[in-house]
Amino acid sequence: QLFSSLNGKKVIVVGHALENDFEALEIEHPPSLTRDTAFHPPYMRKVRKKYYPRKLSTLASEELDIEIQQKVVVSKSSSI
Numbered sequence: 514q515l516f517s518s519l520n521g522k523k524v525i526v527v528g529h530a531l532e533n534d535f536e537a538l539e540i541e542h543p544p545s546l547t548r549d550t551a552f553h554p555p556y557m558r559k560v561r562k563k564y565y566p567r568k569l570s571t572l573a574s575e576e577l578d579i580e581i582q583q584k585v586v587v588s589k590s591s592s593i
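Letter by letter, the sequence shown follows residues 514 to 593 of my numbering.
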């Protein structure tokens, strides 16, 4: 488990699509101590009565007015 307590205090992990990060790092953390923006209804998109997670880049752009995870295309001629 990842810091389920630190100095005797419970640790809440906040992030986006935490399940993917936990899996990649091969760690576990109690669900009751996680806050995942991918599944927080105010940050999800609603389509016909169903809620779906939004991309982190979309949330950052709309909520924080910043651009993240931008794709950069480099042509072959500029890389030679």
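Keep in mind the hints are simulated off the structure, nothing from the lab. It is possible that part of the hints are untrue.
As the list claims (entries may be wrong) - Each pair of labels, with its calculated beta carbon distance range: (1) R558 with D534: 20 to 26 Å; (2) R561 with I581: 27 to 33 Å; (3) V524 with K562: 34 to 40 Å.
No residue lacks a Cβ here, since even glycine has one placed at the ideal position from N, Cα and C.
Verification of the supplied hints:
no. : hint                       : verdict
1   : R558 with D534: 20 to 26 Å : holds, 21 Å
2   : R561 with I581: 27 to 33 Å : holds, 29 Å
3   : V524 with K562: 34 to 40 Å : holds, 35 Å
Every hint, counting from the list given before, is met by this structure.
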